[in-house]
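Here the protein sequences line up with chains U and X, keeping their order.
Position 238 (the first sequence) corresponds to 238 in the numbering used here; numbering is contiguous.
Position 252 (the second sequence) corresponds to 252 in the numbering used here; numbering is contiguous.
There's no promise every hint is true.
Stated by the list, open to error - Covered stretches of chain U (chain X as the covering partner; in silico rule of three or more C-beta atoms under 8 Å from a C-beta of chain X):
1. 231-242
2. 274-284
What the hints assert, rightly or not - The following label-pair restraints were derived from C-beta to C-beta distances:
3. X:V25 <-> U:D145: 28 to 36 Å
4. U:H57 <-> X:G72: 46 to 54 Å
5. U:I45 <-> X:P71: 54 to 62 Å
6. U:I16 <-> X:Q113: 38 to 46 Å
7. X:D117 <-> U:T319: 38 to 46 Å
8. X:P71 <-> U:G131: 27 to 35 Å
In case anyone wonders, no lab produced these hints; they're calculated from the structure.
Predicted model only: the values in this text are computed from it and were never measured.
The beta carbon of each residue, even a glycine, is placed where N, CA and C say it ideally should be.
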Amino acid sequence: MTSSDTRRIRSRRILILAGLAAVVLGISVLLGRYPGPSLTPLSAIENDALARDLIIHIRIPRVAAAFLLGAALSAAGAVFQTVFRNPLVDAGFLGVSQGAAFGASIAIVFASGNAWAIQGGAALFAFLGLGLSYALASRIRAGDDILRLVLAGIVVGAFYAAGTGIMKYVADPQKQLPDITYWMLGGLWGITGRDVLEMLPVTLLGLAYMMAVRWRLNLLAMKDETAFSMGASPGKERLAVLIVAVAVTAIGVAKAGQIAWVGLIVPHICRRFVGSEMRVLLPASILLGGIFVLVCDDLARTFLSGEIPLGILTSLLGTALFLALLLKRNIRGIG
Amino acid sequence: MIRLRGIWFSYNGKSDSVLCDVNLVLPPGTVSALVGPNGSGKTTLLHLLLGWLKPKEGEIRISDRPIALLPGRERSRLVGHVAPDEPAVLDLEVREYVSLGRTPHLGWFGKAQGDDDRAVQEALSVVDLLAKSAKPVRTLSTGERQLASIARALAQDPDLLLLDEPTSHLDLANTRRVLQVMRVLREKGKTIVLTTHDPNTASTLADTIILLKRGRVAASGTPAEVITGELLGAVYGVEIDVRTIDGRPFVLARI
């Protein structure tokens, strides 16, 4: 098989994913428990004002948010795994997830659970996680740049986890503690059109930046001096793409709480079908990530009459898929 | 022509100089081997030639241009580098990996053209890895991985190729393959600087051997001038026998 054959096959697979994404998006908009517990018939959209309002004001924002969230988390996961040369990290790395959880729990305890404070706190401390990890890594004297960042990320993540523990301990057990727990389970039940508009600029610009530089990200998976020999500035380029990856993660986590496993598992599944080259892996991860979270959210809001927290479903499906890949020895880059 | 003038180097926060007053001239189309004990400054000197490290004092000029002042893209078209054990963690296929070498030649958004595909094909052909071009790099043997790294640097098409321990961890057959590739490159007019722990590898291939001891050039010249019992004995601190085969000196350490 020639290189152009391989390229053609991979391009076709990405087109198939794009088609699948369009189908899942369409079905998800029609899927719900009104007027019946299945797909809303097209006639109902014409004749039933409530069904129309429901689709425009509730389902479309939620479907858009789920797709954006999945796309952002998966793209960030693919970026983190590549630049850290480690297939077992995701965007929660470097204290980002733990920072978001800490920020949200502070807001729940000290700002009476104000939605803006929770989102702002989560985003702020997610970024602080990245900043602290970099600052700490510069003072560690062991290993190369990557190892120092990994070590610093572990320390910062553990520090934030302890902070979240303290917030849980001091939280009012009747109101605040359940709020913290519920936030950490993750979900999109309160998403509005305004939330989506707030997510859109950061997420779309972030994804566009990652797509534009994806051909250079392969270099960052190599030794720094090797990347440098091919014209890269590994330190600067790595920091720039990590800031962008954390930004899209932070805005998603701020809106939806902790949605685990997406950034880890989706790039692995994509590697099975399109390989590890970031030119194809990144768009595949964006599309499949969007589909994955959208399907999980569809289940979360329709499977039972009550809402299942989205984070529980992504974790359940994510671990099952990860186990399946492990048992088939299909986790690329391990062993 | 590559010129190193009065190079001094020490790592950040350390007062001990890793390299002291290194002056060298490396003519184009030649193979130079940096030889010396562990910690003598071979890899540091290679990283200075790459521009990855900056000398504390002195200047390195490649084709009469100071390497430290060249923009990344221009520098990477002049100088290529192969590290001893490049990671293949997120496993690319061999062709994808070799294609990374074309990065300095690509335009915005990294679109490859026909020239790029041809350069990759030729690089794979030189190292005899065409048949394995669709395999993941991680499935290659150590020797084949080293050849893939060399092919990646060849696809980059630099004037100066730096190789850090290109034959370490390789068996005899793979060492021979790597040395044959170096010969082909020299015939194509490339300038090669390599580091090696093995004076015999240097003697087999190099036009010039630069013997380093504690950051200083202890000797520099043809293999016959540098590979002598006295010089190597003084640098390594062991008794060494030197035999001549086909006009080239070879080393045997006495036990």
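Verification of the hints:
no. : hint                          : in the structure
1   : 231-242                       : holds (count 3)
2   : 274-284                       : holds (count 4)
3   : X:V25 <-> U:D145: 28 to 36 Å  : holds, 34 Å
4   : U:H57 <-> X:G72: 46 to 54 Å   : holds, 50 Å
5   : U:I45 <-> X:P71: 54 to 62 Å   : holds, 57 Å
6   : U:I16 <-> X:Q113: 38 to 46 Å  : violated, 27 Å
7   : X:D117 <-> U:T319: 38 to 46 Å : holds, 41 Å
8   : X:P71 <-> U:G131: 27 to 35 Å  : holds, 29 Å
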